[in-house]
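J.: Here is what each chain is made of, one letter per residue.
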Amino acid sequence: DSGVTQTPKHLITATGQRVTLRCSPRSGDLSVYWYQQSLDQGLQFLIHYYNGEERAKGNILERFSAQQFPDLHSELNLSSLELGDSALYFCASSVAISEKPTSGNTIYFGEGSWLTVV
Amino acid sequence: DQQVKQNSPSLSVQEGRISILNCDYTNSMFDYFLWYKKYPAEGPTFLISISSIKDKNEDGRFTVFLNKSAKHLSLHIVPSQPGDSAVYFCAASGVDSNYQLIWGAGTKLIIKP
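Respectively, the protein sequence lines represent chains A and B.
First residue of the first sequence: 109, per the working numbering; consecutive thereafter.
First residue of the second sequence: 173, per the working numbering; consecutive thereafter.
Because the hints were derived from the structure by calculation, they are not lab data.
Please note: incorrect hints may appear among the correct ones.
What the hints assert, rightly or not - The list that follows gives simulated cross-link-like pairs (lysine-lysine, DSSO-like), each with its CA atoms no further than 27 Å apart:
no., chain 1, residue 1, chain 2, residue 2
1, B, Lys280, B, Lys177
2, A, Lys117, B, Lys280
3, B, Lys228, B, Lys240
4, A, Lys165, B, Lys177
5, B, Lys284, B, Lys240
6, B, Lys177, B, Lys240
Please read these numbers as outputs of a predicted model, since none were measured by experiment.
So that you can see chain B by itself, here it is in the shape it has in the complex (with noise of 0.2 Å):
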């Protein structure tokens, strides 16, 4: 049972627009979401979180929502860049996975120049 969903196994986003990349997760318990880019055979860099006290956080270029009743939620980049070409990972946890992170599958995100 996949607790933390993205669907979109790639994205394509012109450079310069925004890019959205969606996670679902199904747990009501979660209350700590985290962001993570990776480039081929290196490490997830972490990019973002948010707790579930807010409904955004933001750092520059990247902005993560977070809809509790919907347990959506999203990570906008913009203006996106080449560079942002990468897989972006969504994690959550919360008190019922003793703060285990519970990942996604990750979505390839490939900005076109």
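Here chain A stands alone, though its shape is the one from the complex (with noise of 0.2 Å):
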């Protein structure tokens, strides 16, 4: 048990819905990162959130939104959903105890929600 929980751990939706997706940091990470994973694909790296404010993007669709709220806990919006979003989506945390890293650190993977879009 990594101490990253997602929920929900499996969803389906129709397209054009819009799901949230959250997640719980291990305790007393301040960094939240979504990665997406499609069938046969790599870790796709999302978008990384340090202490409440955005701190990386990467391929996340303009459909797709985060936040991270005050008690750090984090969550994936995801609108007009097409079949292609049909993923797993993966929160993970770090300590990341500075805004401005000076070294590397490990992040923990939570079990994944998996959406599945009909």
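Bring the two chains, given one by one in their own frames, into a single complex with the hints.
T.: Below, the structure written as structure tokens:
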């Protein structure tokens, strides 16, 4: 158990709909990351939040948005869903004690939220 | 431009033998490297890391080797066990990526009984 909690574990929804995925990071972790893994694809970095502020953006579609709340949990909002958005969405967290890190740190992944768009 | 490359999409190894997974990187500013293991439909699990001040790090059956001059790292698993069958990702980070992890595409390891 990594200590990162994601809900829901599975979600089936129709095209055009909107869903929200939730992530609770490990206790004490300030950084939250979102990743997408489509079938047989590698890990695609979507976005990184540090202590409530967006730090880095990856291959995140404009239809997708995220935020990190004062209690450090995060939500990933996916709207106008398309069939191709069906994927495993992972949240990860890390300590990242500094806004401008000077060394690498390890990130820990949750179990993922499996989204199926039909 | 892929900064972290895992050139073998898959690798098959006999149980009990050594598994060697390879990863190459292009950015000489990377100074922290990690290996993750991932089972289907589960989140990646952190395995082992190494910083650029070392050339080897061991944790049980897992050893990571770093060759900075060749910009190459490898993960050795000895002895290989059936439960090691998974996809292995390497990742790297450095100051010029603000320590965002740059991921390889993964190598699927299959341990044959």
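J.: Give a verdict on every hint.
T.: Hint-by-hint comparison with the structure:
{"no.": "1", "hint": "B:Lys280 <-> B:Lys177", "in the structure": "holds (14 Å)"}
{"no.": "2", "hint": "A:Lys117 <-> B:Lys280", "in the structure": "holds (24 Å)"}
{"no.": "3", "hint": "B:Lys228 <-> B:Lys240", "in the structure": "holds (11 Å)"}
{"no.": "4", "hint": "A:Lys165 <-> B:Lys177", "in the structure": "holds (21 Å)"}
{"no.": "5", "hint": "B:Lys284 <-> B:Lys240", "in the structure": "violated (32 Å)"}
{"no.": "6", "hint": "B:Lys177 <-> B:Lys240", "in the structure": "holds (15 Å)"}
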